[in-house]
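Please arrange chains B, C and D on chain A, whose structure you already have, making use of the hints.
Protein chains: 4
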Amino acid sequence: MPETVDKEALRRYFEKDRFATYVGIELLEISAGRATAILKIKEHHLNAVDMVHGGVLFALADLAFAAASNSHGTIAVAVNNSISFIKAAEGDVLYAEAREISKDRKLAAYSVEIKDKTEKTVVLLHGLAYRKKEKIDA
Amino acid sequence: MPETVDKEALRRYFEKDRFATYVGIELLEISAGRATAILKIKEHHLNAVDMVHGGVLFALADLAFAAASNSHGTIAVAVNNSISFIKAAEGDVLYAEAREISKDRKLAAYSVEIKDKTEKTVVLLHGLAYRKKEKIDA
Amino acid sequence: MPETVDKEALRRYFEKDRFATYVGIELLEISAGRATAILKIKEHHLNAVDMVHGGVLFALADLAFAAASNSHGTIAVAVNNSISFIKAAEGDVLYAEAREISKDRKLAAYSVEIKDKTEKTVVLLHGLAYRKKEKIDA
Amino acid sequence: MPETVDKEALRRYFEKDRFATYVGIELLEISAGRATAILKIKEHHLNAVDMVHGGVLFALADLAFAAASNSHGTIAVAVNNSISFIKAAEGDVLYAEAREISKDRKLAAYSVEIKDKTEKTVVLLHGLAYRKKEKIDA
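Keeping their order, the protein sequence lines are chains A, B, C and D. In terms of this note's numbering, the first sequence opens at residue 1 and continues consecutively. In terms of this note's numbering, the second sequence opens at residue 1 and continues consecutively. In terms of this note's numbering, the third sequence opens at residue 1 and continues consecutively. In terms of this note's numbering, the fourth sequence opens at residue 1 and continues consecutively.
For reference, chain A alone in the conformation it holds in the complex (with noise of 0.2 Å):
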């Protein structure tokens, strides 16, 4: 029975996050258990030695298992991120996809990757989340 998934509301929620709009990340698509995200590499994205900043690429990887995680349609939060930096991005564009690992009553694991334009993986993420009862309010 394949779980529908509000992607209006969902589209609607993540719109309220300021810091990923402010760092310029973008939501793709969302179904259940799974979220992409893009980003476009400016200036300001960058750290003292010309390369694209960790925290950017957290924050990229972040928005993806956010996505993913709430999909489910109620409010879960991070609990623990462990992210590995893999290679230097190439490019200007870089992608990131958040696949549902498992899901329990209580948490839920996601494994996230980030790809440039050489479909090499940049970054391996492995998000925990903690599942709330709360309904996502959009």
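Be careful, since some hints might not be right.
As the list makes no split between identical chains, a pair holds if one copy fits it or if it spans any two.
Said to hold, decoys possible - In silico EDC-like cross-links for lysine to aspartate or glutamate, where the CA-CA straight-line distance does not exceed 20 Å:
| # | residue 1 | residue 2 |
| --- | --- | --- |
| 1 | Lys40 | Asp137 |
| 2 | Lys117 | Glu134 |
| 3 | Lys42 | Glu134 |
| 4 | Lys16 | Glu43 |
| 5 | Lys132 | Asp104 |
| 6 | Lys40 | Glu29 |
| 7 | Lys115 | Glu100 |
| 8 | Lys106 | Glu134 |
| 9 | Lys133 | Glu90 |
| 10 | Lys103 | Asp116 |
| 11 | Lys115 | Asp104 |
| 12 | Lys120 | Glu90 |
| 13 | Lys87 | Glu100 |
| 14 | Lys103 | Glu119 |
These aren't lab readings, by the way, just hints derived from the structure by calculation.
Using the frame of chain A, we list chains B, C and D on its own:
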């Protein structure tokens, strides 16, 4: 034999960190293996449920971690960060303090705590850095 | 061009893993970037509250991770593992499956899931390995 | 107001940890939010390349973490552990020391270091525990 840290060179180096500047994070202190950073919470740091965004907390902890791991004068890059979100931040100022737990030839490990005005830990970040041979050029 | 994995050499190599043998963990399958392992739960695998010990779950996931990360014929060592405990294990057999998420010249990342008889995820481990140049000698 | 820890009850509780006993790990000290454990390295603790197995290091750090997180008299269970392998262990004795970084109503965070005879850090583990309401029954 206490290590001499060229704080001014490090400060110039981190002034080139455009994302930290964009977010509004400021480096307070750097010494050998330690660093502190501060953030004044503004509207653009909030997420969809009006809390400080996980990406903001990561970026704040990450700057303290980066400063501490680069404090020995050679470039160190993040390999893995594990971040735990312990409690919601209260008040409008957050402090991050990074301290070196261990430093080997290639890998060094750091523990970073973010505290709010209640002096309670909001975030705990455990960071692993790979130490390159290149000197910091500022 | 599919990589040829010398499964027998890898098997001989992991037969020298005295701790895995002592705990009772068995390697089932190895292919390029993937591996599975199995454990039959015994009395000595339990903790103070009669659940499978976190150390046992880690050791099981770790063997699958080690086999997958060493499957390319050169030695890879764990740098960081992040393990999430999702639900209590049911039944008396546990399976771990490791798959490679990314592989760069120096670092490779793996995702490992442990499932129990309910086919639900008990543990999710995210492993980062440093790839050495030495060949596996078995 | 210093918390009174019933060390004997905790000791009896951890005596029921069959896996720790099987591996040979011993609890040394427990106080409020802190614990230390010790392991004498034997042949069965080694991996395929004659180093102390990652699973052994995890189990050692985990016991110190479990004792520290259960030291307040109520049951706490691991939610996520992130473990970094910093250097190879030297000598034949390893010590783990866990200390509480933060403790909230539901979540508590711990930092555990394993040191070898050189007094250098071999392993750094960052552990997150979920605090239940049940009292420890020993």
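Hints, one by one, checked against the model:
Within a single copy, Lys40 and Asp137 get their C-alpha atoms no closer than 29 Å, and across copies no closer than 28 Å, so neither meets the 20 Å cut-off. Taking the closest pair of Cα atoms, Lys117 and Glu134 never come within 20 Å of each other, the shortest separation being 38 Å inside a single copy and 28 Å across copies. Proximity of Lys42 to Glu134 under the C-alpha cut-off of 20 Å is found in neither arrangement, the shortest distances being 36 Å within a copy and 26 Å between copies. Taking the shortest Cα distances, Lys16 and Glu43 sit within 20 Å of each other only across copies (11 Å), while inside one copy they are farther apart (24 Å).
Taking the closest pair of Cα atoms, Lys132 and Asp104 come within 20 Å of each other both inside a single copy (12 Å) and across two copies (17 Å). Taking the shortest alpha-carbon separations for Lys40 and Glu29, only the intra-copy value of 16 Å comes in at or below 20 Å, while the best inter-copy value is 33 Å. Taking CA atoms no more than 20 Å apart as the test, Lys115 paired with Glu100 passes in both settings, with 18 Å inside one copy and 15 Å between copies. Taking the shortest Cα distances, Lys106 and Glu134 sit within 20 Å of each other both inside one copy (12 Å) and across copies (18 Å).
Proximity of Lys133 to Glu90 under the C-alpha cut-off of 20 Å is found in neither arrangement, the shortest distances being 41 Å within a copy and 23 Å between copies. For the identical chains of this complex, Lys103 and Asp116 are inter-copy neighbours only, at 14 Å across copies versus 28 Å inside a copy, given an alpha-carbon limit of 20 Å. With identical chains, the CA atoms of Lys115 and Asp104 are at most 20 Å apart between copies only, with a shortest distance of 13 Å across copies and 28 Å within one. Taking the shortest alpha-carbon separations for Lys120 and Glu90, only the intra-copy value of 9 Å comes in at or below 20 Å, while the best inter-copy value is 37 Å.
Taking the closest pair of Cα atoms, Lys87 and Glu100 come within 20 Å of each other only across two copies (15 Å); inside a single copy the shortest separation is 24 Å, beyond that limit. Taking the closest pair of Cα atoms, Lys103 and Glu119 come within 20 Å of each other only across two copies (12 Å); inside a single copy the shortest separation is 28 Å, beyond that limit.
Of the numbered hints given earlier, the model fails hints 1, 2, 3, 9; all others are met.
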